[in-house]
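K.L.:
Model the full structure from these sequences, guided by the hints.
Chains as they are written, first to last, in our numbering: chain A, 1 to 313; chain B, 1001 to 1390.
To be clear, the hints were calculated from the coordinates, so they are not data collected in a lab.
Hints are supplied without guarantee of correctness; some may be wrong.
What the hints assert, rightly or not - Example chain B residues on the side facing chain A (calculated, C-beta under 7 angstroms, incomplete):
(1) Ala1287
(2) Pro1309
(3) Leu1310
Unchecked claim - Every beta carbon over 10 angstroms from chain B, so not counted as near; a handful from chain A, in silico:
(4) Met22
(5) Leu120
(6) Glu263
The model shown is predicted, which means the values in this text are computed figures rather than measured ones.
Glycine residues also receive a C-beta, built at the ideal position from the N, C-alpha and C atoms.
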Amino acid sequence: MIEIDKITRLYNGVPAVDAVTMTIETGTVTVIVGTSGSGKTTLLRMINRLEEPSSGEVRINGESTLTIKPHILRRRIGYAIQGHGLFPHHTVARNIGAVPELLNWSADKISARVDELLTLFSMEPETFRNRYPGELSGGQQQRVGVARALASRPDLLLMDEPFGALDPVIRTRAQDDLRRIQKQLGSTIILVTHDMEEAIRLADRVAVMDSGQLVQHGTPAEIITRPATEFVADMVGRVERPLRLLSLVPVSELVEEGVAEGEALPVEASLRDALSACLWTGRAAVPVEQDGVLVGRVTFEAIRARARARAHP
Amino acid sequence: MNAKGSAGALSAPGILFAVLGLAAMLAPFMTLAANRIVAGDAIVAWRLAEPGVTLPGLLSLAAGLALGLLAAWPRIRMAGAALGLAGLFWLLMAGTPNLLAGAGEYARVSPAAGFWCLLAVFILLMSDALGNLAPGPLARAALLIAALAALTLVLWSGALSDLSIMQEYAGRKPAFIDAFVRHLGLAFGSLAIAGVIGFPLGILCHSRAQLRGAILPVLSFLQTIPSLAMFGLMIPILGWVGETVPGAQSIGIAGIGFAPAFLALVFYSLLPVVGNTVAGLSAAPPAAIEAARGMGMTQRQRLLRVELPLGLPVILTGVRIVLVQNIGLAVIAGLIGGGGFGTFVFQGLNQTATDLILLGALPTVMLALVAAIAMDILVDLVRTTPEATA
Ligand SMILES: Nc1ncnc2c1ncn2[C@@H]1O[C@H](COP(=O)(O)OP(=O)(O)OP(=O)(O)O)[C@@H](O)[C@H]1O
Ligand SMILES: [Mg+2]
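P.N.:
Below is the structure:
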C-alpha cells in the first residue's frame, strides 16, 4: 500500500502539487490524468524522490520513503521517464538490463530477461538486441524505455506517459500487454497520462489533477458517472460519457440465449464494441463467441437498458 | 582550361590545385648557395639535372595534378597526390648531388619556393581526397603509419643527407635528439600535469555551478595573456621561488630554463582541459541523466556510466587542442632556455641561417600534424554512439 500524505511541492512559492493525499492499494493500477502543467509528473517524481516534497510524505507499506537512501529506494521502483530517456551509447540490451546490472544480476539472467521483454513488446530480440537507441523509431524507443522500467520486476512501477509516441494500434496492444503483465505479477502501477481514454482503459482507480490539486480519485465508473467538478466532467467529455461507460463492461455480462445474424464478437469485447457493431451494420443483435464457439448474443435493447442503468443507478 | 563544359567531371579544388601546381612548377625548385649564410641562386625544376633524370619527376608532378582533377574518383585523386609527392622527392634526390657536384666545399642546396608550394598543393590534394573517401579511424591510422614509414625511409636512405637542412642536422645530432626529447617533455608533460589538475577540476565544476562560475573566468583570463608575456612573467616568479624556497633550485626551479616554460604551458592547457571536461560532461541528454537517477544510479555511477562515456569525445577534443597548441607554444621555451626545437629556431634567427630555423620549425610542424591526426583518430574510436541519435 502506498500512502501519499498531504504532499506539496512549491516552485518559487507556487505549488506545482498542492497538498495531495491519496492511498493506493497494492496490486492496482492508478492512472493520474490532468491537463498539461497540472503537476502529474511532479507528483509521480516525489514518490521515488526524484523531487523532494516541500512538505508531506509518502509511505510505502507503512515505511516513510524519507527513511530510505534515495538511490536504494529508486532501485526498488521501476520508472519509465516521460520521453524514454534511453542511454544513447548503450545497446538496447544494455539499456533494458541497466537496473538488473545495478542489482548485480548474473549476465545470463540479464540477457534472458532482455530477450523475454523484447519478445513481450513485439520486438524481435535477434533484430533489436544490439541496436543503439538512435537506430530505433520513436515508438520502439518508447517500448524499450518501458521494458527497461519493467526489467527487474519491481513491485511498484511509475510510468510517465509511457505510450505517448505510439500509434493507436500499437498503443492499444501495449496497454493490453501492460495490463496482462500487471495482472500476472500483481505489481502496483502508477501511470501518468493526459488521455482519458487510456485512463479508463487501464485504471482500477483514476486520479484527476487540476492545477496541482487532486480533484477526484475513484474508479473509472465513478469518475464518469459522478464527476466531482466541472473540470472532471470536461475531462471525461460529456457527450462521450455513455460510450466510456459501456467500454468498461465486457459483452460477457449481457450475453443471452439466442441467435443473431452476421459476424460474431468475442466475449472479452466491450459493450461499446457491441453497440458499434449494431449501429454499423443495422442489426438489432450481434452473436457472441468464446474461443471460436458461439455462446449466444447481445441485443441492442439490452445495451441501451444497461447504459441507462449505469448512468442513473 | 575548359572547366565549364565538363564541370561535373572536374573537381573544383582539383582545378585550383592544378593551376597553383602548374604555376609552382615554373617557380624556383631549389637554391644553390656558396655557403650557409649567403643567399643562393634559384634553379627551376627542369634545370636540376639531365633531362633524362628530371623528366620522370616532372611528368609525375603533371600526372599527379591531372589525376587530382577527377572529381568522381577520390581514390584516383589520392593516387595522384601520392604520385606527385613521389615526383617531388625524386626531383629533390636527383637535384641535390647534381647541383653540389663541383660547387665547392661549403656549398649548400636547399628546397625553394617551388618545392614548398608543390608540397603544400599535394598535401592539400591528399587531404581533400581523404575527406571525400572518409576512411574509418583504423584506415586513417594505417595511412598515417604508412606516410611516416615512407618519410623515415627517405631520410634513412641518406638520399637527402646532402640537403642543407640535413647538414645542419648532421652537425647537431646530439643537440637535435636532446631538443626532441625536451620538446616532447614540455608538450606531453605539461598536458599530463594539466590533465591531472584539470580533469578532477572539470568534474568538480560540472557538479558545482558556483565553482564553475568562479574558475572558468580565471582560466579564460590566463588564456588571453600573450604567450611571450606569459613566458616572460614566469621568469621573475619562478626566479623568486627558486631563490626563496629551500631546495627548489636543486630540483631545477629557476627563473630561466625548463621549469618556467613548463609552468606557462600548464597554465595555457588548463582552460581547454577544464572547459572541455565541463562541456563534455554536460553533453549527455538531460532525459538520460534523469533516467539514470530514476533507476537508482549514484552520482558516481552516473558519472562513470553515462556522463563520462558520452562526454569522452568532447573531452578528448580538449586534449587534442592542448597537445597541438603546446607543441607549437613549446617553441617559445627556446627563448628562455627551456630547450626544445625552439632553441634551433632562435639560434637560426640570430645567425640569419634559414636552414637552422627550418631544422627547428619543420619537426615542430610535423609533430603537431601527427599529434592532431592521431588524436582525431582516437576521438573517432571512442565515439561509441552511432551518428544518428534521436
Ligand atoms: N524544476 C521546475 N522549476 C520550476 N517550475 C517547475 C519545475 N518543474 C515543474 N514546474 C512547474 O510545475 C508545474 C507542474 O509541472 P509538471 O511537470 O508536474 O506537469 P505535468 O502535469 O506533468 O505536465 P505535462 O502533461 O505537460 O507533462 C508546471 O507549471 C511547471 O511549470
Ligand atoms: Mg509531465
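K.L.:
The structure should be examined with respect to each hint, and the outcome stated for every one.
P.N.:
Hints, verified against the model:
no.: 1; hint: Ala1287; in the structure: 4 angstroms, holds
no.: 2; hint: Pro1309; in the structure: 5 angstroms, holds
no.: 3; hint: Leu1310; in the structure: 6 angstroms, holds
no.: 4; hint: Met22; in the structure: 21 angstroms, holds
no.: 5; hint: Leu120; in the structure: 19 angstroms, holds
no.: 6; hint: Glu263; in the structure: 41 angstroms, holds
The structure shown violates none of the earlier numbered hints.
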